[in-house]
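Single-letter residue listing:
There are 2 protein chains.
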Amino acid sequence: MASIKDVAKMAGVSVATVSRVLNNKGYVGQDTREKVESSILELNYKPNEVARSLFKKQSNTIGLIVPDIMNPFFPELARAVEDTAIKLGYNVILCNSDANREKEQAYLDVLQQKYVNGIIVSSNTLTADQIIEINIPVVSIDREISKGLPTIVVENKKGAIAATRFLKSKGCKRIAHIRGTDGIVNAEERCEGYKEVVDQELWFGESYIVNGNYEMQSSIKATLELLSQHPEIDGIFAANDIMAIGAMKAAHQLGKKVPDELSIIGFDGISLSAATIPELTTIVQPIYELGEKATTLLVNLMEQKSVEKTYFKFDVELIERNST
Amino acid sequence: MASIKDVAKMAGVSVATVSRVLNNKGYVGQDTREKVESSILELNYKPNEVARSLFKKQSNTIGLIVPDIMNPFFPELARAVEDTAIKLGYNVILCNSDANREKEQAYLDVLQQKYVNGIIVSSNTLTADQIIEINIPVVSIDREISKGLPTIVVENKKGAIAATRFLKSKGCKRIAHIRGTDGIVNAEERCEGYKEVVDQELWFGESYIVNGNYEMQSSIKATLELLSQHPEIDGIFAANDIMAIGAMKAAHQLGKKVPDELSIIGFDGISLSAATIPELTTIVQPIYELGEKATTLLVNLMEQKSVEKTYFKFDVELIERNST
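Protein chains in written order, with my numbering: chain A, 1 to 324; chain B, 325 to 648.
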């Protein structure tokens, strides 16, 4: 197989010149370019990606760090990122961090060592300093790290207000909230939205907030306790769909009929939310679009194209199904 | 930052010798090795991954080609592959092929160009020739490409026989099968297992086989038609869990009670199968272990370690829940 040296020799130029032609960067005279291109064709030279990434100190690869690809929110996101990346000429390295600070730092290190061109990360432990220290573009998705960094999020509080008001409009008087993990920005925002409606429009003098840690089993347990202690509860807003499904299972165990005796609404709009019986009413995030936008933004930053803004807050939409 | 040339210069050896020390390959005298190592320490030289992959023509990266990470079988598999790979020092490039022959070939090409060390693939269009042509180890998972290639699969036929017999043991007399996509080996094997039990133990003179294409919406449609035409059906074996959930939804639409009037059993054991009400009885594949085994086998092949066998057929297990 012909090497870049063979091409340089045949064209009578330096390897650096061949590299400039290949990467379309730096000045190369028209005659020289043509000589190089015809040598490339004649020798059937195929530049390999690793050699090119050494020249360019880049690998045409994007790192995607998520807490856990098994959390049903992330496969759709990962699919969108990979679809968009491949169209733009990049591959995606998948990293599962378990939201663990050390694992996240280890991934940042190894991705840099591999000259990835940029990173998309969903993290609630990384700090702005850690992001700034790595010298390549990073886009934060789903979880905001700092206002100053490129970020893709959704209207969490607005969605939570809509969810709680919707339960109220369905006649619910005692509405509980199964909140997400403490300290995660989107969990706090969703909880605030719920509290705002309850405090201003529904005050019932009791706290009906329990923590389901964004996880089904925790939600089942929390809902069983909540409904046993407070049988008056007639509506539940769960901060994600997985916890809403957990709440449905808990209600079923207690013989409470959904939606006749208890209305349940979730958040996310994962495909699983349409697989349950009854299907789940939920606040739908445009998950695929979030992944698409994160990737095009990242690639624009990587390719130093002009970017109008780097902070995007997407709207959410209430989809009524049969659980309310 | 110090380069490999600086190390070579300080140690008074060639760059190739430094590379041999770094990669721990080829003969290097003890004195020379020590000189190189102390120079590396003194200069605080950090070999970068891309440069190393050029020396070694490898990138410490594995490609994982799946049809679609959004199909709930694959996130658990991808998680297992990534967990195992990172422990062994490799990153994972995720590729979604949509089971499309051209996309698969394009991924094989780009992964080779990037000097990935090996590939794990779940495909039913790739041929043994295509695999052999790429000059790196490939492990086929979930779908067998050829008996001669490294392969990780499960006992599909045996599982299907167990599923069908289990419905029979529950008193079902008219058992239908929602089969997977035509031409996919595991769909054919599961269908054969069903037919064997029906032909030998249950013959009822009718064909109750419909195609759900391994997909929920197709399964809902197929089940609605099937149950409308054949209200005598009292048991359904669906070739995957997603289609079993589709069958549950179809039964619910027709007012048929599961499991009282209709028993349903799935195949796969995806986490979703425990999220439905009623929870799904299913034939559980050890999905995580399949991913682990595929990765350790691949890494052993990549690192040219001795490998006893390269074909693994894992057992499956019937988990009884509430849909039967």
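It is possible that some hints are incorrect.
Claimed, not checked - Cβ pair distances, simulated, as ranges:
no. : chain 1 : residue 1 : chain 2 : residue 2 : range
1   : B       : 361       : A       : 135       : 26 to 32 Å
2   : B       : 453       : A       : 185       : 48 to 54 Å
3   : A       : 134       : B       : 493       : 40 to 46 Å
4   : B       : 355       : A       : 147       : 35 to 41 Å
5   : A       : 68        : B       : 524       : 53 to 59 Å
6   : B       : 555       : A       : 321       : 25 to 31 Å
7   : A       : 42        : B       : 425       : 27 to 33 Å
8   : A       : 158       : B       : 525       : 38 to 44 Å
9   : A       : 128       : B       : 552       : 55 to 61 Å
Please keep in mind that the hints were generated in silico from the structure rather than gathered at the bench. Note that the structure is a prediction, hence the values are computed from the model and not measured. Backbone N, C-alpha and C define an ideal beta-carbon position, used for all residues, glycine too.
Discussion item. Need the list of violated hint numbers for this structure, in ascending order.
Written reply: As far as the earlier hints go, 3, 4, 5, 8 are violated by this structure, in ascending order.
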